[in-house]
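K.L.:
The lines below spell out each chain.
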Amino acid sequence: MKQNSLSADPLDVLTNWKLFLAGDMPAFGKLMSQHFQILFHYGNKFSRDPEFVKDCIQDVFLNLWERRAYLASDVAVKPYLMASLRRHMHRTSKNFNLETAAYEQDAEFDILFSVEQEFIENEATMMMAQRVKHFVDLLPARQKEVVYLRFFQDLDRSQIAHIMDVSPQTVSNLLQIALKQLRKSWHLVSALLGFFFWA
Amino acid sequence: MEHYKNFEVDDFVWDEYFRQWVLHPTRESHAAWNEWLAKNPSRAEVLHRARQIVQSLQIKESSLSEEEIKSMVDTTLQRIGSPKPEERRWNISHYIGHARWVRVAASVLLLLAVGWMVNHKKTNQAVTSSTGTTVGAGSHNAQQMVERTNHGVSPLLVLLPDGSRITLMKGSRISYPEHFDQSVREVSMVGEAFFDIQKAPERPFIVYAGELVTKVLGTSFLIRAYPANREVTVEVKTGLVSVSAYGKASQALNDRHEANGMILSPNQKVIFEKNEVRLVKTLVAEPEIIVPDAAALHFEFEDVPVSEAFDAIAKAYGIEIRYDKHLLSDCPLTAKLDTQTLREKLSIICLAVEATYEIVDGQIVVQSKGCKN
Chain A
1 MKQNSLSADP LDVLTNWKLF LAGDMPAFGK LMSQHFQILF HYGNKFSRDP
51 EFVKDCIQDV FLNLWERRAY LASDVAVKPY LMASLRRHMH RTSKNFNLET
101 AAYEQDAEFD ILFSVEQEFI ENEATMMMAQ RVKHFVDLLP ARQKEVVYLR
151 FFQDLDRSQI AHIMDVSPQT VSNLLQIALK QLRKSWHLVS ALLGFFFWA
Chain B
1 MEHYKNFEVD DFVWDEYFRQ WVLHPTRESH AAWNEWLAKN PSRAEVLHRA
51 RQIVQSLQIK ESSLSEEEIK SMVDTTLQRI GSPKPEERRW NISHYIGHAR
101 WVRVAASVLL LLAVGWMVNH KKTNQAVTSS TGTTVGAGSH NAQQMVERTN
151 HGVSPLLVLL PDGSRITLMK GSRISYPEHF DQSVREVSMV GEAFFDIQKA
201 PERPFIVYAG ELVTKVLGTS FLIRAYPANR EVTVEVKTGL VSVSAYGKAS
251 QALNDRHEAN GMILSPNQKV IFEKNEVRLV KTLVAEPEII VPDAAALHFE
301 FEDVPVSEAF DAIAKAYGIE IRYDKHLLSD CPLTAKLDTQ TLREKLSIIC
351 LAVEATYEIV DGQIVVQSKG CKN
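Chains as they are written, first to last, in full-length UniProt numbering: chain A, 1 to 199; chain B, 1 to 373.
Be aware that a few hints might be false.
Unchecked claim - Label-pair restraints from in silico Cβ distances:
id, chain 1, residue 1, chain 2, residue 2, range
1, B, Met1, A, Ser190, 43 to 51 angstroms
2, B, Ala228, A, Gln117, 28 to 36 angstroms
3, A, Asp55, B, Asp255, 25 to 33 angstroms
Unchecked claim - Beyond 10 angstroms from chain B on every Cβ pair, some chain A residues (computed):
id, residue
4, Ala22
5, Gln58
6, Arg67
7, Ala69
8, Pro79
9, His88
10, Ser93
11, Glu116
12, Ser158
13, Met164
14, Ile177
15, Leu182
Claimed, not checked - Short derived list, chain A residues pointing at chain B, Cβ under 10 angstroms:
id, residue
16, Phe36
17, Phe52
18, Asp74
19, Val77
20, Ala83
21, Glu108
22, Ser114
23, Pro140
24, Arg142
25, His162
26, Asp165
27, His187
These are computed hints drawn from the structure, not numbers from a lab. In this text, all values refer to a predicted model and were calculated from it rather than measured experimentally. Heads up, the beta-carbon is just placed ideally off N, CA and C, and yes, glycines get one too.
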């Protein structure tokens, strides 16, 4: 999978992180190369302007280099970078409410799910897959984001909490609500389909 | 895995354990699911469908090409590699004035620094304007970096493309471009290394190590910049070396109106204390004689004014010794000091004339009440 080829050995990432903290420029270059794509993918969910996303990622890295003397040496690097980018983009974008200093609740999370046909054997399964996609598409932004981070970025609860700047309990709640919603829609349609077939 | 019996397709699709098996199978998960399937053959169809759906459901991402990423990384590196001119300015005003040669050397350095900044700015603009227009433009401008790490126990000699010789200590690492720029030679180092730099006044040599940037024209010096140490140090063996803090450290020094850079001559050493963000100039532990024919030098003094001894020592070691000429003019000295180190020599002389000395700002300062009885 695409994501896998991008994620490097965690130990190597951490060693490299420490070198970067010591002011090693090649290590900093490596840190950027290792995470640029993931950050670009993530950033695209908050803006449709790829140039803006690239600028934001660059700002995040420049900022990181400036502050390297004050950074912890044992962070989970990927979630840390994702959190920094998210914060930076929200601060820079129009959705950030200056008065309340908070992100607008309805800020979009622009994610495009797709069903790759090559994995599907028959039409019935294809229909089911489309259904899954349809329902996950319908989730509200924040639930979608939790689903994305949990199921497509393999991040754990506390990492997601850090990235989204909410409590771990909120993450669990969001995830539960999302899954409940997905199940409910699924069963509703199943029931309708069943009714249709029997009628 | 009892509860999976009642799972429908969508339950499986969003089940973490199931997804793990489909997307990142391990021997254990394979065994577990095969066993479950053997016990629940009626669920095979459901499981099979869920599997296909998990695999098929992906996220459409517009990705950057490797060239695009490389060029973004390179421009970012360029931006931090050339701090703003304010940070580059060598703060030498405090150190000008003691000796004529220091003043001359300082202005030469300053001129070169200005020239270098102008040149560097040009390069930067070239890079910015060319990135993204053509594939490969980024890699053309950005230097291919070579990285050497000393994994062994004995020092490792690294020859740079300009003929400079770097002795890399155990566990230390240096990186440098495969081809040096026309206007500047830049390397970065972690750990400890001795630098013997090929003279090329038109192309300053710059070392980034820890919080310090060390700039020379052609000299030899030692840098210690271990991430775990509280200090970064630069010790000069020959030539003139300009050292300054960069980035946050430089800013912090500026804010406190302290010098964020200094020029070092042979036998001088600068210590950067990371915790206190402080630059201190001192002498190396064992200063060495720097004049060419050290063997021909003799430190034999027989009933001469002590000032003569101080001057001879100062000249031999290339350091400044400050004392009150008037007070010490009547202090005679008789001593043979050929085998002693600098510190021993000074201690003996001071003992003889009832003076004390201390190292202040990389110079020897002699305190005395005089010898007039």
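K.L.:
Work down the list of hints and note, for each, if the structure agrees.
P.N.:
Verification of the hints:
1. B:Met1 - A:Ser190: 43 to 51 angstroms: violated (23 angstroms)
2. B:Ala228 - A:Gln117: 28 to 36 angstroms: violated (54 angstroms)
3. A:Asp55 - B:Asp255: 25 to 33 angstroms: holds (28 angstroms)
4. Ala22: Per Cβ check, A:Ala22 is inside 10 angstroms of chain B; nearest 3 angstroms; violated.
5. Gln58: For A:Gln58, whose nearest Cβ neighbour in chain B is about 5 angstroms away, the distance does not exceed 10 angstroms, so it is violated.
6. Arg67: violated (7 angstroms)
7. Ala69: The assertion about A:Ala69 is violated, with a minimum of 5 angstroms to chain B.
8. Pro79: holds (18 angstroms)
9. His88: holds (14 angstroms)
10. Ser93: holds (19 angstroms)
11. Glu116: The claim is violated: A:Glu116 sits with its nearest Cβ about 5 angstroms from chain B, within 10 angstroms.
12. Ser158: holds (15 angstroms)
13. Met164: Given that every Cβ of chain B is farther than 10 angstroms from that of A:Met164, nearest at about 18 angstroms, it holds.
14. Ile177: holds (13 angstroms)
15. Leu182: violated (6 angstroms)
16. Phe36: Holds. Min distance 5 angstroms.
17. Phe52: violated (13 angstroms)
18. Asp74: This interface hint is violated because 14 angstroms lies over the 10 angstroms limit.
19. Val77: violated (16 angstroms)
20. Ala83: Cβ of A:Ala83 sits 19 angstroms from chain B, so the hint is violated.
21. Glu108: Result: violated, 15 angstroms to nearest chain B Cβ.
22. Ser114: holds (5 angstroms)
23. Pro140: Violated. Min distance 16 angstroms.
24. Arg142: Violated, because the Cβ-Cβ distance from A:Arg142 to chain B comes to roughly 17 angstroms (cut-off 10 angstroms).
25. His162: This interface hint is violated because 19 angstroms lies over the 10 angstroms limit.
26. Asp165: violated (22 angstroms)
27. His187: At 8 angstroms from the nearest chain B Cβ, A:His187 passes the 10 angstroms test, so the hint holds.
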